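Start from chain A and add chain B according to the hints.
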Amino acid sequence: MSKIYDVAVIGAGAVGSSVTYYNTLRGADVILIDKGDIAEGTSSKSDGNILVCDKMPGFDAKFAKASQDMFPALSEELDYEIEWRQKGSLYLLETEEEIEIAKGFCEDMKKCGIEMRILNKQEVHEDEPLLAEDIPAGLETISDGSVYPIGLAYGFALKAEKLGAELSLHNPVKGIDKEGDLFIIHTENEDITAKNVVNCAGVWSPVIGEMVGLDIPIQARQGQILVAEQTFQVARRKVHEFGYMLTKFQSGTYKRPVSERVERNGVAFVFEPTAANNFLIGSSRKFAGEDISNDIEVMQALAERAMRFFPVMENIKIIRAYSGLRPYTPDHMPIVSGTPVPGFYIAAGHEGDGIGLSPITGKVIADMIAGDEPFMDLSPLSYDRFIK
Amino acid sequence: MKKEVVIIGGGPAGLAAAIEAAKCGAQVLLIDENKRPGGQLFKQIHKFFGSKAHNAGIRGIDIGRQLLKETEECGVEVWLDSAVIGLFADKKVAVLRNGTTVTVEAEKILICTGGAENPLRFPGWTLPGVMGAGAAQTMINVNRVLPGKRVLMVGSGNVGVIVAYQLLQAGANVVGIVEGMPKIGAYGVHAAKLRRAGVPFFLGHTIAEAKGTEKVEKAVIAKFENGQIVKGTELETEVDVICIAVGLRPLSELAQMAGVQHDFIPELGGWMPLHDGDMETNVPGIYVAGDTAGVEEANTAMDEGRLAGVSIAHTLGYLKDEETVQKKNEIKDRLNALRQGPFGERRLNAKQRVIEKGEAV
Numbered sequence: 007m008s009k010i011y012d013v014a015v016i017g018a019g020a021v022g023s024s025v026t027y028y029n030t031l032r033g034a035d036v037i038l039i040d041k042g043d044i045a046e047g048t049s050s051k052s053d054g055n056i057l058v059c060d061k062m063p064g065f066d067a068k069f070a071k072a073s074q075d076m077f078p079a080l081s082e083e084l085d086y087e088i089e090w091r092q093k094g095s096l097y098l099l100e101t102e103e104e105i106e107i108a109k110g111f112c113e114d115m116k117k118c119g120i121e122m123r124i125l126n127k128q129e130v131h132e133d134e135p136l137l138a139e140d141i142p143a144g145l146e147t148i149s150d151g152s153v154y155p156i157g158l159a160y161g162f163a164l165k166a167e168k169l170g171a172e173l174s175l176h177n178p179v180k181g182i183d184k185e186g187d188l189f190i191i192h193t194e195n196e197d198i199t200a201k202n203v204v205n206c207a208g209v210w211s212p213v214i215g216e217m218v219g220l221d222i223p224i225q226a227r228q229g230q231i232l233v234a235e236q237t238f239q240v241a242r243r244k245v246h247e248f249g250y251m252l253t254k255f256q257s258g259t260y261k262r263p264v265s266e267r268v269e270r271n272g273v274a275f276v277f278e279p280t281a282a283n284n285f286l287i288g289s290s291r292k293f294a295g296e297d298i299s300n301d302i303e304v305m306q307a308l309a310e311r312a313m314r315f316f317p318v319m320e321n322i323k324i325i326r327a328y329s330g331l332r333p334y335t336p337d338h339m340p341i342v343s344g345t346p347v348p349g350f351y352i353a354a355g356h357e358g359d360g361i362g363l364s365p366i367t368g369k370v371i372a373d374m375i376a377g378d379e380p381f382m383d384l385s386p387l388s389y390d391r392f393i394k
Numbered sequence: 010m011k012k013e014v015v016i017i018g019g020g021p022a023g024l025a026a027a028i029e030a031a032k033c034g035a036q037v038l039l040i041d042e043n044k045r046p047g048g049q050l051f052k053q054i055h056k057f058f059g060s061k062a063h064n065a066g067i068r069g070i071d072i073g074r075q076l077l078k079e080t081e082e083c084g085v086e087v088w089l090d091s092a093v094i095g096l097f098a099d100k101k102v103a104v105l106r107n108g109t110t111v112t113v114e115a116e117k118i119l120i121c122t123g124g125a126e127n128p129l130r131f132p133g134w135t136l137p138g139v140m141g142a143g144a145a146q147t148m149i150n151v152n153r154v155l156p157g158k159r160v161l162m163v164g165s166g167n168v169g170v171i172v173a174y175q176l177l178q179a180g181a182n183v184v185g186i187v188e189g190m191p192k193i194g195a196y197g198v199h200a201a202k203l204r205r206a207g208v209p210f211f212l213g214h215t216i217a218e219a220k221g222t223e224k225v226e227k228a229v230i231a232k233f234e235n236g237q238i239v240k241g242t243e244l245e246t247e248v249d250v251i252c253i254a255v256g257l258r259p260l261s262e263l264a265q266m267a268g269v270q271h272d273f274i275p276e277l278g279g280w281m282p283l284h285d286g287d288m289e290t291n292v293p294g295i296y297v298a299g300d301t302a303g304v305e306e307a308n309t310a311m312d313e314g315r316l317a318g319v320s321i322a323h324t325l326g327y328l329k330d331e332e333t334v335q336k337k338n339e340i341k342d343r344l345n346a347l348r349q350g351p352f353g354e355r356r357l358n359a360k361q362r363v364i365e366k367g368e369a370v
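If you're matching them up, the sequences are chains A and B in order. In terms of my numbering, the first sequence opens at residue 7 and continues consecutively. In terms of my numbering, the second sequence opens at residue 10 and continues consecutively.
Next comes chain B alone, as it looks inside the complex:
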């Protein structure tokens, strides 16, 4: 089976790319291993903030619905419940679908499989009740199941703080947020909501142990200095859930399999594929976007997807040079705007390094 464009991963980057390429006339197949597309958008029930061009005031879940509608309208073929198990020579995509492996030959491939939560190892970390914050968020916002009654959150980045607040909204008692660094990682606006709700932040602390026989019953936290737990500072509290929110890493196994050059970029999650200014990798015709191309957030993911979609449509001959330049510039301006401010600037600089290295290979 042959397809012009195969997009792997139907999150914000993949959906936005699919829409952009299909609107220009390209034949697009979008593949997602889940039962419905949208990636993490459908568990983001909070309102985005920033400028109007960046969906300020709109909830992630509504952005997801809008993208799905547009995807349908512009004729993108969508395969759900279908897992890409490998990329092979000549851009062959092997897909596990309906219990059998289908091979699709693509002219262009976009890999936007997102990120994965980093694990944290400590005594008791394998007890039931210790889970990624993303898993807890899926349980409450998608499956409507409360994972527990008393929750300790480890990590005060945006994910940790937003999920902690949503756990409160869902009826759990968040007993505290533990942060190894001396200050809160998340945007002030998110952290303030928790402060107002009386949730204590334990800065300069880490999780020392999860105790319990069959499942988590108690959490032990302790002061954390110079990468070490300070003995004698342990605090113990009863919990039934310990959520881990200590960052994400790019999911780029498929890109590695395809021979894409990688590098270690700590600001963007670590080991990640290099790409050029148009999101194309050193393997011609293979593109990356979204968290796969460095962990950021949904708005940058969507715009990186659009950039890849435009580049792909252009190289396939569906977009004239002039229009392409104009579209790319609009998107790149928005991406630059998204990477401003104290949080954005680190990412902007890191992204520039990725692109410089990517264009050098």
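Isolated chain A (complex conformation):
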């Protein structure tokens, strides 16, 4: 009989790599399987924001904060350079109405232990001198930071390998059978036997779920990013428009004063400086199947929105654009839970938060498999919530 693994993790993005790492840390015998390479899917098409500012007050914010708090230690314990930088983040408030919503939001977040403060007009312009003159206010989140997402996934996976985990890359999963308490995972190269399976396949997790008869309500939500040339400092840290929250959650009645193409493509301004002195501009949201080609209209809308907040960008060149797929769930919360199939777990559906939530996701899945009580009530992330 072939080897029996304690845990087989399917999907080597940031989430799957983290699940592999934390299970390995607990002494489990783990194998990480992917159809491609480490971080080949969504994790290499994302930005590297580690944010709490874009979470809903309550469970969402607390869960994200718990994950964010793990990064300083991770940047020490992983052997790979993950470029963890914690400079805080800045929301730009564009209208009086946004300022009102932001004030309430700020109060609610403070109650969850998230340190935020409103910046008045003078303060926000002192904070970012190249900002468009008319921006009336900002909202600062102290603890936000960023990482190099590909480095993070590699960091988790390679450290896990060093500690004894096996990596089985470029090896697509073809089917899964259950024999007694064991899972037989049929892959292109071999059959792999494991006591537990964690589905971390992100956008592709419904395909894996179907192999054990589970219907996973995750859809691909496409996003595009523009990459600027190396340049002077446009902004010193992560800056985004408060309207980002509105495009992410599609809630409330407030409408931003934006052009039709910005609205149509779910474009909200997100700025992320990189360690290499250039910057990334996001964000867009669109359901387009698995299409990851760039769309010129979205690119134009991204640039239009960026120049509205930082007019100085008019003279900065865009050198690249890329597009990726976020794993979207209908309630914007990931699925991090067991399932009606004993021993089969799901850690997927983090939409745009997979990089930031990867540490805590890996840790709680390892807790669940070891049979430990979770550090907080995780029912908002249960698979059951989608069973009618």
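Errors might be hidden in some of the hints.
What the hints assert, rightly or not - Here are the computed lysine-lysine pairs in the DSSO-like style, where the Cα-Cα straight-line distance is at most 27 Å:
(1) Lys78(B) <-> Lys51(A)
(2) Lys71(A) <-> Lys9(A)
(3) Lys224(B) <-> Lys192(B)
(4) Lys101(B) <-> Lys323(A)
Said to hold, decoys possible - With beta-carbon atoms standing in for the labels, derived distance ranges:
(5) Lys366(B) <-> Glu269(A): 44 to 54 Å
(6) Lys168(A) <-> Pro137(B): 15 to 25 Å
(7) Gln361(B) <-> Lys168(A): 27 to 37 Å
(8) Gly42(A) <-> Glu114(B): 52 to 62 Å
(9) Phe293(A) <-> Thr109(B): 23 to 33 Å
Note that these hints are calculated values from the structure, not bench results. Note that the structure is a prediction, hence the values are computed from the model and not measured. Note that beta-carbon positions come from the ideal geometry of N, C-alpha and C, so glycine has one too.
Showing chain B alone in chain A's frame:
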């Protein structure tokens, strides 16, 4: 904005294609990033040779003028100073024009953006004064500026030899032509002119180093055997310009962006788009012609452009089947004739491989 046909690149291939398609009634937009169309024709002040059907005895610059006149006469819309920055899904062409990006939706796209000169890396290759032969040719023939007084030419293909002769005509002293291979690459008729002018050819030699502080002051050449410089054979000479003419490669980034299948065809410049016998690629409605479709010369570029123009006009319904077959056959006969002889045959065989592979995908 919608257009039936968008042609990217207004060199010989693009102009000839535009004329052919527009004469049949198609609505054609020709886009070029330069301030005037014509591509490289306007720096080709030498007479073409070959048969009469192939513009023998006519200078490239005059062919360019004639094509421009015809383009105007048949109602082709021309956008100059306009750079195509990308091709997107559903044949959307993004054009940077007057400081803003315009999107044109095309039914058919012809990519004929030409070729780019291959660089050559050696110590000192970034010093001012080291330049592509094409750049030197533009300076003397278009801008009327002499790039330097003492020039070393690296590469003895047609480009290297023709530009060396034109540099002589423009008043420069060409101190020599360096060629890594054991024989001259260019047509004998071009090479003979330089020989008569007393310009030495250093066969089996290569450039070893460019020396200078602020700019090129000296060139070091050396014997070149089995891909290696032979130590101890270095020769040094004073120059202020080193021209690099070591071949061209197809400029096909737009075709790659559009998902066109590529392959490595060394005889035609390397990595290049595959196409069928009508110049259409595996992406329906996207065509290539000229140096983009494999580096050759202006006459083949023009005929490939015409072939693409006829195919496009036909698929858009502007040409009857019979007329189309007749026109295509005439052009294909001319192309075959152009690809004869010791130089042409390699290209003919390579082109046939491109088309076979292109029709298989």
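The hints, checked one at a time:
Only pairs whose Cα atoms come within 27 Å are accepted, and Lys78(B) paired with Lys51(A) is rejected, the gap being roughly 49 Å. For a cut-off of 27 Å, the pair hint linking Lys71(A) to Lys9(A) is broken: about 38 Å separates their Cα positions. Taken as a hint, the Lys224(B) and Lys192(B) pair is broken in the structure, with Cα atoms around 31 Å apart against an allowance of 27 Å. Distance hint between Lys101(B) and Lys323(A) is fulfilled; the C-alpha atoms sit about 21 Å from each other, no more than 27 Å.
With their beta carbons about 45 Å apart, Lys366(B) and Glu269(A) fall inside the hinted range of 44 to 54 Å. As the Cβ distance of Lys168(A) to Pro137(B) is approximately 50 Å, the hint placing it in 15 to 25 Å is violated. Roughly 54 Å separates the CB atoms of Gln361(B) and Lys168(A), a value that falls outside the hinted 27 to 37 Å. Gly42(A) and Glu114(B) have their C-beta atoms about 34 Å apart, which leaves the hinted 52 to 62 Å range violated.
A beta carbon spacing of about 29 Å between Phe293(A) and Thr109(B) agrees with the range 23 to 33 Å that was offered as a hint.
When the structure is compared with the earlier hints, violations turn up for hints 1, 2, 3, 6, 7, 8 and for no others.
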